[in-house]
Each structure stands twice: as C-alpha cells, then as structure tokens.
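Trainee: Below, each chain spelled out in residue letters.
There are 2 protein chains.
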Amino acid sequence: MKPIVEIAQRAGVPEEDLELYGKYKAKLAPELWDKVKHRPNGKLILVTAMNPNPAGAGKTLTTIGLSQALNVIDKKAIAALREPSLGPCLGMKGGATGSGNAELLPADDINLHFTGDIHAITTAHNLLAAMIDNHIHHGNVRGLNPKKIVWKRAMDMNDRALRNIVVGLGDGNGTTREDGFMITTASEIMAILCLSENMNDLRERLNRIIIGYDFADQPVTAKEMNAVEAMCVLLKDALKPNLVQTTEGTPVIVHGGPFANIAHGCSSVIGTKLALKLGDYVVTEAGFGADLGAEKFFNIKCRKAGLTPSAAVVVITVRALKYNAGIAIADLQAENQAALEMGFANVLRHVENLRGFGIPAVVAINRFATDLPSELDAVIAMCQRNSIEVAVSNVWAEGGKGGKELAEKVVRAAESNADTFRLLYEDSLFVKEKIETIVKNIYRGSSVVYTAAATKTLKRIEEMGLSHLPVCMAKTPYSFTDQADRLGAPTDFEIHVSEIRVSAGAGFIVALTGSIMTMPGLPKKPAAETLRLETSAEAIK
Amino acid sequence: MKPIVEIAQRAGVPEEDLELYGKYKAKLAPELWDKVKHRPNGKLILVTAMNPNPAGAGKTLTTIGLSQALNVIDKKAIAALREPSLGPCLGMKGGATGSGNAELLPADDINLHFTGDIHAITTAHNLLAAMIDNHIHHGNVRGLNPKKIVWKRAMDMNDRALRNIVVGLGDGNGTTREDGFMITTASEIMAILCLSENMNDLRERLNRIIIGYDFADQPVTAKEMNAVEAMCVLLKDALKPNLVQTTEGTPVIVHGGPFANIAHGCSSVIGTKLALKLGDYVVTEAGFGADLGAEKFFNIKCRKAGLTPSAAVVVITVRALKYNAGIAIADLQAENQAALEMGFANVLRHVENLRGFGIPAVVAINRFATDLPSELDAVIAMCQRNSIEVAVSNVWAEGGKGGKELAEKVVRAAESNADTFRLLYEDSLFVKEKIETIVKNIYRGSSVVYTAAATKTLKRIEEMGLSHLPVCMAKTPYSFTDQADRLGAPTDFEIHVSEIRVSAGAGFIVALTGSIMTMPGLPKKPAAETLRLETSAEAIK
Chain A
183 MKPIVEIAQR AGVPEEDLEL YGKYKAKLAP ELWDKVKHRP NGKLILVTAM NPNPAGAGKT
243 LTTIGLSQAL NVIDKKAIAA LREPSLGPCL GMKGGATGSG NAELLPADDI NLHFTGDIHA
303 ITTAHNLLAA MIDNHIHHGN VRGLNPKKIV WKRAMDMNDR ALRNIVVGLG DGNGTTREDG
363 FMITTASEIM AILCLSENMN DLRERLNRII IGYDFADQPV TAKEMNAVEA MCVLLKDALK
423 PNLVQTTEGT PVIVHGGPFA NIAHGCSSVI GTKLALKLGD YVVTEAGFGA DLGAEKFFNI
483 KCRKAGLTPS AAVVVITVRA LKYNAGIAIA DLQAENQAAL EMGFANVLRH VENLRGFGIP
543 AVVAINRFAT DLPSELDAVI AMCQRNSIEV AVSNVWAEGG KGGKELAEKV VRAAESNADT
603 FRLLYEDSLF VKEKIETIVK NIYRGSSVVY TAAATKTLKR IEEMGLSHLP VCMAKTPYSF
663 TDQADRLGAP TDFEIHVSEI RVSAGAGFIV ALTGSIMTMP GLPKKPAAET LRLETSAEAI
723 K
Chain B
183 MKPIVEIAQR AGVPEEDLEL YGKYKAKLAP ELWDKVKHRP NGKLILVTAM NPNPAGAGKT
243 LTTIGLSQAL NVIDKKAIAA LREPSLGPCL GMKGGATGSG NAELLPADDI NLHFTGDIHA
303 ITTAHNLLAA MIDNHIHHGN VRGLNPKKIV WKRAMDMNDR ALRNIVVGLG DGNGTTREDG
363 FMITTASEIM AILCLSENMN DLRERLNRII IGYDFADQPV TAKEMNAVEA MCVLLKDALK
423 PNLVQTTEGT PVIVHGGPFA NIAHGCSSVI GTKLALKLGD YVVTEAGFGA DLGAEKFFNI
483 KCRKAGLTPS AAVVVITVRA LKYNAGIAIA DLQAENQAAL EMGFANVLRH VENLRGFGIP
543 AVVAINRFAT DLPSELDAVI AMCQRNSIEV AVSNVWAEGG KGGKELAEKV VRAAESNADT
603 FRLLYEDSLF VKEKIETIVK NIYRGSSVVY TAAATKTLKR IEEMGLSHLP VCMAKTPYSF
663 TDQADRLGAP TDFEIHVSEI RVSAGAGFIV ALTGSIMTMP GLPKKPAAET LRLETSAEAI
723 K
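The listed protein sequences correspond, in order, to chains A and B.
Here the working numbering is used: the first residue of the first sequence is 183, the next is one more, and so on.
Here the working numbering is used: the first residue of the second sequence is 183, the next is one more, and so on.
Please keep in mind that the hints were generated in silico from the structure rather than gathered at the bench.
Identical copies look the same in the list; a pair holds intra-copy or inter-copy alike.
Below, simulated BS3-like cross-link-like pairs (lysine-lysine); rule was C-alpha separation at most 30 Å, straight line:
1) Lys330 with Lys707
2) Lys258 with Lys205
3) Lys217 with Lys184
4) Lys614 with Lys405
Just chain A, same shape as in the assembly (with noise of 0.2 Å):
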C-alpha cells in the first residue's frame, strides 16, 4: 500500500487538498472541485452485469481491474465506487471491497467504519427522528398523526428484530407507536447524499423529505421539524468524496452506498463528477444486474446529473449463465454446454437493453479458477455469433494484466460512441407510464398490476405535484420478472406493484413489487463470529 498522498499526487490531487484520515484514505476538500471544474469530462464507463446467481458476478471486482488495467494500457483511470455497509459485513456478505489482485485498500477499513460517512447517515437519520417524536410529544403544534409517520429509524446493522417495534412506552416516554428501523444503506439520506450536487443541493433535498401526514392528511416535511440545518452540520463531512487505492495503486473515490432495490444503487453523483474532472476514464457499477442497476444509473442517476456514459461492461460468469438456464446451484460446475447456450439468453436480452439506451456494450466474462476452457471458448463464440465483443477478464488472478483485452475493447466502444446516451422516459410522463415503459422496454412484461394501496398513493403523487420525479423500481435481483425463481429471459409476465413510496428529497418515486426487506437479518452463523483482528492491530499495548 502506497501512502494517500502519493495515490492523490498520481490522480493530479494537491495534498492541500486532502483531508487526511491516517495514512491510507483521505476525505477530499471541497476547495479540489473549483480547481478542477473547468476541464473536460473523462470518459464513464459502466460496469453492471447480467442477472445473477446468489454467489454474485464480481461486478466490483471487475470495475477495480478494469481501472487498473485501463492504466496498464496507459490511460489514466480512475474507478468510483459505492461504500460497503457495515450491517452485511458483519452478517452473510463479508466484504464488499473486491478480493484477489483487485481489491480496493485498506480493505478491513473501508468494510468497517471507514471515514464515518455512514455513521454520519445514521446520526442525521435518528436525529430526525427523534425530533418528530419530540414534536408530537412537546404539543404537537404542527398536528402529526402519530399513526401516519413514515420516516422510521435507522441503524447500520443487520438486526431483524429490529424491523417491526413499538416504541414510546411507558410514562413520560412520548407516544406509544408502532415504527422499525431500516438498514442505513436504505435510508433516504443515503439516497439524498448520493444524488447531492453540493451543500446547498443536499439541504433543499432534506428539506424536502416527506417524513408523515398531519391530522389532515397532507404531508409534513423534514424543513417543519426544524431538523435539517443540524443535519447538514452531522453531514458535512460524510458529503466529501473518500480517496483510497486498489492493489495497484490506481486511485478510486469512494463515496456513498444506497440500497439497489428501493434506492438508486449507485455511488454518489459528487465523486462521480469530481472523478471525471481527474481521469481519463471513469469506471463506475450500479447494483444488481442492469435491467435494476443500469437502468437506474440511467434514468435516476445520468438523468439528475446531467451524466452521459460511454460504455457499458457487463459482467457475466459461466456460473450464472447456468443458473440462468434453471441448473441447480449444486450442479452449477458440471459442463453442460446445452444449459450454457439457453442461459444466454438473458446476457443477450441486457446487451440489447444497454443498446437501447445507445451505449455500446462490452461483455465481461468474470473468469473463474474453476472455469472449463471449452465452456469458457463457448460464451466468447455466442458473443462472436451475436455481434457482441467480448473479453475474458482474469484480474482476480492476475489483476489490471488481466483485464487488458477488457480494457482495450472498453477504450474502442467507448471512443467509437458517437454520444448516442438517451434515457428510456421523458419526466412529462405520467408515474404509471414510467413503470409501464420500463416494464415493457427492459424487463420485457406484458402489463402491470397495482395493488389498490398502490393506486391511492399514485393518485396522491399527482395531487402533490410530484409526476415528474423518475421511477426508482425495488425488484427481486435475480429475474427480470418480480419472482426470483423466473431465470433466463421470460416474456409475457405481469409486475405487480405492492407498494408506493415517495422520496421526494431523493427525487423519485419507489415502486415496490413483492416485500422488500429494508432491514436485512443475521444467518445462522454470522460472519462477525469469524472476524478476527490482524496482528498489527492486536499489538496495541
């Protein structure tokens, strides 16, 4: 691990304006943007993937060695990635940082409390809270149903006895309600801070936050609670871009982790921007498979942003095109060329989808030690068969070396691209259109079924105004349809929305289909029982 500063110095980053945080991250000053604003954009690349198998495709590891193989052939890159939350660290996930000769540094940090951006989320999250308790139970002068609130509490942890509770029993301990806690990564706030353009940006969006419903039913926001100047305080710091390194010192901004499902799923808009100003390529993922990640990125993100990508890498294994094609997990190594060919499919079907926005997309076959060569020469020939480039990509073993074929076929899409980028809906449409559009366009539907709780809440997103906000869709990973056991590339299926939510501080508007756990829970045996402290660290006398 080279020292912070060297890692900025070779991203063009004065060490003034760096915030150190020991010797291997740094926050960077807001001061860096006005330095930089005026230059051209890099070039963004995104990395998302095909639908998965539960093990995942390795789309971080695949964005960090795409960054570090660009540099191998001589561009300067610099990847932008989403912040590990802490809750599944410790739970079923371990890290999120990359593993192998790809892996973002110093790993055990970053995974656990790194520069305190969640913390920070956490606190401004609670505070609010508390003080909608503290209102209703002071008077109440703004007239709160205690039964209408919807801002709930949040913790960064996974702890589902925390997802339903009753709170303020007993004397004097406010009004007794039922409420829960959410993950910190679900939190609004996490949305909010990752769609921010700047402070003030980041404090009209709290202000905004839809936190219940008066006696009258008309909504009551954060700004009423006279919580949100000490909230942008608690967060003045967790909106400043983390700068980190991978394994081979390529520099990576760290910067913000909202849920995939009923948040966007992409790191922040702010690291994002300031990242473009510093490489000449930018590789950047969005959660889940691209009918979720990358049509979010797209239509949430690039939209708000004002961002334009050049290119999209999606992530594929020989396990998942397997699992795609209905082959239990158990059997998922065996060859089995026949179930390679049908799980295709569903590659073919998101390749199509990312064209459809007018990005030229690169396929990534996230290699595997187990991997046959005859299974692995048969994906790269579909590709071939069907006009689409692609790459072996081998940086788990051999880092940014082994993604330089990736690396070149990426730099050729991306320059090739004549700024084809269009997003799916325009904002005019009507909330139902947007999901209808994005049914039928990316997930290949035929029709969608609202439940009638679904219906009301649409109908009183028109009364208040808020039509023209996106769609953020929260959907099963792993099926193009909203079950997850509906592989490969189904046509001819109903989505059906259970739920909506507003979150009119983030700006767009969640359609939940199915439950959506926003509080994950601890397996059987967590992977907390197995964390150990290094040496170094046990040397503390």
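Go by the hints and put chain B onto chain A.
Mentor: What follows is chain B alone, placed relative to chain A:
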C-alpha cells in the same frame, strides 16, 4: 489553530506515531506507548467540583484553563479529557469542550463525530444486541431466557421514544420481547473502553459482560454469543487516544466519555497513562461533583489502573454556593453574604472528603463576569479561615494567564504531597459494606435502605463470586443525598438503593439510588434547531 503535527511535537510525539484525522485531530498510534513507557510519570491533577447548580460549575473549562496556566508558568502540562456525547450536544447542552479562552479545538468536530469513537462503541454494542436476538431466533442453543436479557440497544442520541420499546414484532422477525435503548455513553462498552489497559484487557472485559440469564437463571456472557472478536475489530481504532489542542495550543488527550452515574465518568486509562508519560503535569476531570466524580475516580479508575493522583482542584462558583444555600435560581445574582456562608458548608465537606483520600485540595473559584467583587472576596476569606488553598480562576476571559495563581497553588500542593493517597475501602469488603462506607464517609448519611430486588441481586453477586468488585454509585449530582433538593451539607439521612446492576466487564457493581435515566430526551427546543453550518463548510460545491 496549529496543525496537530506541531502540537504533537510540543508533546514530544513524533509524526510517525500520529494517525491524522484531517489537519487538527490525530489518533496516537499504539507504538508510541512502547517508546515512552519507561519514563517516570508526571503528576496527576484531578479537577472536581462542589455540588453544582443546574448550569454546571465549569469543570471542563477549568481543566482546560489550568492546563494552559501550567504551561504559562513553564510546566509541561497536558490535559486528559472525556469525549463529548453527540446526544446532549444536539439536545440541551450544546458543546462540551469548554468555551471562551479555554476551549478545545476544533470544537465543532470534537462535539460532533470527532474521530468516530462513540460511533464505533454504538456499533459494537448493537452488534452484540443483534447477535443475542439472532441466537434466540436460530434455535437458542444456549437456552437464553428472552425475558431476562439485560443487554439493551444503544444510540448516541437523546430519544425518549426509544427508552422502552417492544422488538421482534411480525412474522419471521425474531422473538417478541421488551427492550430499550440507552445513550451510548451509558453503554458498558464505553466504561470498558475507558478502563482497559490494552486490547487484550479490552477483549477479556468484553468476554465477561453479562448479557442476560438462561432458563436456569444462570448468567450468560458476551463470550458465549461469539461476538467479542468482531467487537474488538470494531473497537480497534476507538481504543487509540485522540490528540487535539486548546485555544492556546496546549496538547489535550480526549478519549472516552462514560456516564458519571451508572458508570464511573472518567476519561480513558490508556489516555491518562500516556499523558502521564508525555507531560510533567496531567490535568484530568471526573464527572459531576466530588461526592460522585472524585470518589469514583479514586475508588474505580485509580484503583483499577494503579494511578496515584497528586492533588485535586475543587471548582466552585459564587452562584453554586448560593444555590446550595437554597436560593432560587432567579435570585442567584443578588448579593447574599449569608447564603454564601451557608453554601460554603458544601465546599468544606468536599475538601474534607478529598483530604480523607490523602489528597491536597485547592479550591478554584470559577469566575463569572457577573460575579460581585465583594462576594468573591468573601469566598476567598472563608477558604482562608478554613486553611484551604484558594485561587480565583478567570480562564474563560483570560485563558491560561487567568489561571496563573491557581496553577501555582496546584504545583505547590502537588509538590508537597508525600504520596499519601489511599483508597476508601478494600476489595475484600462485601458490596453492602462498600456502599455503607461511601455513604457514611463521603455523603455523611446515616444508613442505607435496599429494595427487595436490590437485596436479591446482591445475593446473586456473592454467588457469582463478584463481591470483590468496587461500587459505582448512581445518584443525583445535586445533593450528597439521593434527593436533588437536599442541598448544602445535610447529615442524618438514608440512602435508598433501588436497584443493583452488575457491570462484570467494566468491573464494578452499580448501585442505583432512585430512578436513573440512561436515555435522555430532547427539550422542547433542542439545540439541534439552532445548529448552523459555518461558512467554510457551506462552501462545499
């Protein structure tokens, strides 16, 4: 503000042992201890206070000012202070970093997230809580009784609605049971962090935490929940002391901040021991008045860490003297010599108590701009009449210069102290005997009355073999008695112990008198409503 690297230099700390958090805050690397541990210790000065009026006595201010004043008279002095809790800063209290010309810098950062220590403690606390409910959810192999879980959840927030809650409602969300949140500073982990000598000690203490009881009513520990290694990882940086500076550039170690009622209310042992190697004088403080703060500083912190204080400062104010004579708050400003005389009984008793520990005491009259010279003179005369060293401290207005006389008297007291420090009671006494010793010798009460529940727990403590632990009294800070309105120097009263708690990890038995609140609420107009971003932070583009 000087760069922290420069302040460190002043304290003889090489740059390589600093882990910077921005330009003005740093953590001290564990390696530093090895370099300095063979040095002789500096002299340890405890700043404590008379029973305060509700506005407080200015203990932190005096601690900071005295450390500056010692430097003014050419002593190499360092302060060792507690970290402010965010909850009260956003609630009633505003900051906790001194003020005027005796302030910690950067005050805003220290009052808010600082270096993330309290967030790390919150996280470690809630990980343990989540793993307890998860253990029950996944089969409860250990046989935990869900109705006898004593480990609550924690948040660094004033939030009365979370005091008493029900968790685990709804299908698949764990076992429904009563629970509650405490403010993080009340977490046993905060007390543990502050009493630990090193990482191994921290681990052993965490292992010993009693989280609840099984169906056979036997204690269950954190160790049995397999959470402790992960908690150590989460706390590895929080265990490192933080270095900041005062308005005059005096180095200050700010580390840890446990409650002064259900915990011992002192900054960390690690920070204090390190400070004693770096300074010839180390000025530290303990929470509340000397009846609680100093008693626990001596009998818990000094006992456990083997520290030998050289002198104590008793901070008094003209207003607190009158308040202790029963004068109403609205009338505290009016000249009232009789009330001063009457209130002085309170000071006298605290000084006597300190002398009982073998510690010379210097009274510091913390001067307010509104104090009448005639009253200041009267208080000085009363001290002199009783052979008590006294100095007016004007550090708020004048900084270190305003504490010169105090500094000189403290140095004289410390130099003349012939190592006569002694603890109040032996480990070997029964818990009831320890409590009685404190009540009779410090509070000057006549007897102790226990509830049936408290008596039952005391019996359990003997059965568990924990009688050797010192006692941590949780009592109102406004009176020597357990009733806030019995001011001055009352005698002949009963102390009512309502509940006994075991902090087996921290290593003390908590005796609660009356109802002690571990989760504060927000006032009608919280300080959060008036927090504002400074211009510099607002410039974020």
